[in-house]
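Colleague: In this note's numbering, the protein residues as written are 144 to 238.
None of these hints come from the bench; they were simulated from the model. Treat each hint with caution, since some may be false.
Capping the alpha-carbon separation at 20 Å, the derived lysine to aspartate or glutamate pairs in EDC-like fashion look like this [as the list claims (entries may be wrong)]: (1) 203 with 223; (2) 203 with 233; (3) 205 with 233; (4) 145 with 231; (5) 145 with 208.
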Amino acid sequence: MKAGTADDPVWGPSAYVVHYVITNHGSTAADYFAQLEFLDSDGDHLGATGVTADQLGVGKTKTGDTAPLSAEIENGTIADIASVRVSEVDRTPSA
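Assemble the whole structure, with the sequences as input and the hints as a guide.
Modeller: The following block contains the structure:
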């Protein structure tokens, strides 16, 4: 995962953009949910968002990018974001 402030054609100028990669290392296709937690320079929680990869085949990878919405940052502002971490990953076998 790579993250930082950038002028992005999708998310806009000076957006905090997170580039993520989800890979299925399991033995069956699965749906994935990853929660991303945004932190300030002191490591305090500012807010969170989530990304998904649906029906990801065995050995397959999904890449993408996302950016937090102002409504998701409950304890500060987007400008306060200093880092991001994965705080939860859920894997559910695809139906």
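Colleague: Does each hint fit the structure? Answer for all of them.
Modeller: Results for each hint:
Distance hint between residue 203 and residue 223 is unfulfilled; the C-alpha atoms sit about 34 Å from each other, more than 20 Å. Between residue 203 and residue 233, the direct Cα distance comes to roughly 17 Å. Compliance with the 20 Å bound is thereby established for this hinted pair. Under the criterion of a C-alpha separation no larger than 20 Å, the hint pairing residue 205 with residue 233 is consistent with the structure, at around 15 Å. The hinted pair formed by residue 145 and residue 231 meets the criterion: a straight-line CA distance of about 17 Å does not exceed 20 Å.
Under the criterion of a C-alpha separation no larger than 20 Å, the hint pairing residue 145 with residue 208 is consistent with the structure, at around 9 Å.
Going down the numbered hints, you'll see the structure goes against just number 1.
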